[in-house]
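Read off the chains here:
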Amino acid sequence: MKKFIPILIFVTFLLTSCKPVDLNAPIPAFETGVNPDAWAQIPAGEFYFGQHNDIQTTDAYEIMVTDVTTAQYAAFLNQALADGYVKVDGDQVLGYYPGDDFHGVKHEEIIAEGDWLFIPLNDPAQRIKFDGEEFSSQPGYENHPMTMVTWFGAWGYCGYFDEHLPSELEWEKAARGSDTRPFPWGEEIKRENGNFYSSRDPFEDMRTFGSRTTPVGFYNGKTYDGYITLDSSSPYGLYDMAGNVWQWTGNVYEGMHYRFMRGGSKDTYDMDLRIWTRNNATPTYFSPGVGFRCVRNNND
Amino acid sequence: MQFIKDRFNYLFNSTKGLILVAIAMIAVTTAIWGMLSGPMAEMGVREVVIKLFNMDMLQAEREGRIIILYHSIAMAVVAIETYMITSLLKMKSFFKTAINAIITVGYILTMIFGMGFAYFGHNWAFHGVYIFGLSLIFFAGVLLVIALWPWSKEYYQPDNSYSRTKKGVDIERVAFFSTALTTVISALFGAIPGSFFGNGFEVFLAENVIRFPHKTTMQYAVIGHLHIMLALIAIMITLIIGRWLNFKGILHKISMPLMILGTIVLNLGVWGVATPLQPIAHQVIYTGATPSMVAALLLLIWSWNKLIKNGTRHLEKPKFGDKLKALIKDPLKFGPTWQMLFMNFTTSGLGIFMAVRLDEIFRVWPAREERIELTGHWHALSAIIATIILLYYGNIIGLKGKVRQLYGWGIILFSDIALAGVTAFEMKRLFITEAEQQPLVNGLMYAIDFGLGALLILLAIVMVWRLIDLFKKKGKWIIEKEQELSEEVVE
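Chains as they are written, first to last, in the working numbering: chain A, 1 to 300; chain B, 301 to 791.
Hints listed in this document are in silico derivations from the structure and should not be mistaken for laboratory results.
This structure is a prediction, so every number in the text was calculated from the model and none was measured.
Here are the simulated lysine to any residue pairs, SDA-like style, with alpha carbons at most 25 Å apart:
1) A/Lys190 - B/Glu361
2) A/Lys87 - B/Val664
3) B/Lys515 - A/Gly50
4) B/Lys728 - A/Met271
5) B/Lys351 - A/Met271
6) B/Lys515 - A/Asn251
7) A/Lys106 - B/Leu568
8) B/Lys515 - A/His107
9) A/Lys106 - B/Ile580
10) B/Lys515 - A/Ile55
11) A/Lys190 - B/Ala341
12) B/Lys702 - B/Asp622
13) B/Lys351 - A/Glu188
14) B/Lys700 - B/Ala324
15) A/Lys106 - B/Glu507
16) A/Lys106 - B/Tyr586
17) A/Lys190 - B/Glu342
18) B/Lys728 - A/Pro20
19) B/Lys305 - B/Asp769
20) B/Lys515 - A/Leu169
21) A/Lys190 - B/Met335
22) B/Lys515 - A/Phe102
23) A/Lys190 - B/Gly334
24) B/Lys728 - A/Met206
25) B/Lys728 - A/Leu121
26) B/Lys515 - A/Arg278
27) B/Lys515 - A/Glu109
28) B/Lys515 - A/Gln56
29) A/Lys190 - B/Pro339
30) A/Lys106 - B/Phe662
31) A/Lys190 - B/Lys351
32) B/Lys351 - B/Leu756
33) B/Lys728 - A/Pro120
34) A/Lys190 - B/Glu347
35) B/Lys728 - A/Ala125
36) A/Lys106 - B/His514
37) B/Lys515 - A/Tyr253
Here are some, though not all, of the chain A residues that point toward chain B, as calculated from beta-carbon distances under 10 Å:
38) Val21
39) His52
40) His107
Don't be surprised by glycine CBs; every beta carbon is placed ideally from N, CA and C.
Put together the whole structure using the sequences plus the hints.
Below you can see the structure in the form of structure tokens.
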């Protein structure tokens, strides 16, 4: 019998690991002082792109200083629902997408013209609530990045305001500036630079729910209830360009239905926060670790 | 001076000494560099190690560092398998000496100067010596192919209970030969793109380009190279274990031709990935993998049957319990084939399951989840190969009685707990959402870390014991100095 005691302890331990997670556990409320409606001006010209520092060029553009927040997305949905730009179908918010050219490449899937999922409403991790008439943000999450949003939902948001998702070039230039830094703030990463896996921020509890999003602009050098952050803005003053949530980018590549994401997230190790790191998923994918921000041309 | 000379002779001039040095080199590398990734990274150990060893860790060079790290470890594993082959199989003593000497110098230069270049500043002379080390290993591989030539009459198999042709050509030796030959050719599929990419300093990890619809020939060559080299190392250790256990009889006669067929077709498929045959390469690979896996299954059936028969010989009508007891009586003889079977749950079966449900898994999961599955998959296969080597090593160093039981079962249980944890971690998205995964991830991580940690501690104990033994005047090393693995083939 003695032989089985360690095995029993081990099995019991593993079983207790499967206890349900409280997705609505209390969340700290901090005002970061960073305005989510602010835009940063990115000048035209060359910059170093990718891990191997290829020289690339962009025109001038403006990009949001922070990720789109849940409050901003809820406001958009209310406006868009009234305009008929989106519709609620059961537990889903859908919107029109004109479709992609299909090239029949191996593993490529057809993205046809029609209504596509913007956000699911029935997922317990969704922070946007719908009471049958109005969308609202779950209290406490108003200034957190909008998550659980598909690429179509991100594309639709930006498009509604005559903006667009950043291309990978635009995203990377905004994050990196004109030098070859691996992180928006510089050469090395510390826990206080961003929200990544096990970065021990006040929103995280790795014993229970794990990592959660931090309010947009959280890593701005301010101290929150004794938790000291480092100012981790990019050279152009953008926040959360590394960590917190992956950000959808706008490129649609030939022969590929996958859409690319940048920036790493609260759920990834620091290596995924390096500026050139890419992730991708099918455009209907949504996750508590994926959000977006928009870009507008100077003449928009 | 004589003290050092004697030990040096044992460590670098005997099969068992050479295997010990290579295992120790891998153990030290794993112990130090294992602290740079999770869970040590989260605990802050990584920063301490980096400072302690004054490592130079530029963010943009991570992929290059990793490539050199796993090549360094893999070269030591290849060296261990080579020592086993030169000690188990008949060959001219010139070849044995030359192969062992060249591959030893090769892998040690590769490890020391490769890691020196990758982690301690970029001294390009170090990089040159690293490449020189790899070249020596390649050259040793060419010599091994020549030494294993099976069509010389002196290597014919006179015993009809082994797989052989009518003329007497030893089919098992042909299997060793074809595996060695295809390994040397497949090494080129890494060497050529390695030179190409190295010239422009643009390294990449295969798992990061896997979804790109258009890959260059060189990228395909790298992807093919990493898959086939690991498969060939696995095939070679299967042949080695078969030789140690003295695999013979009807199943041997079926198994060996299948192994040769599988190895050749598998290689053709993987080489095809970098050619216009790419669209059908996967079908060819599956066609090749099947006979190889059937051949390994036949070894498993034969060896388990033998263990059961030997262990129940004294009983007139053995019951199921008696048979099971006989099967698991010696973990070092049961373990290698059990690990091969376990591999089907953690690696092969998983791969097939993923392939069958491609549209529900990889087409839906983000690339990062696919990357976890891909890297977990080949880490698991590498770990299984390592444990099979360690189980055989337990027999090589003559573990007996309770120590043999503890060592053998320790390796099997600790590694299987870790690998089961890794498998569940890779597949977690099938049964839990991202938002709700943390407690499960914690539990799995504890299982993985416990398993791997305990395994490393077990290995450390053996290494320390062997180190202490070296200081003894009449230690085990004195006896091992003269022993060859061919003398210890199971009767």
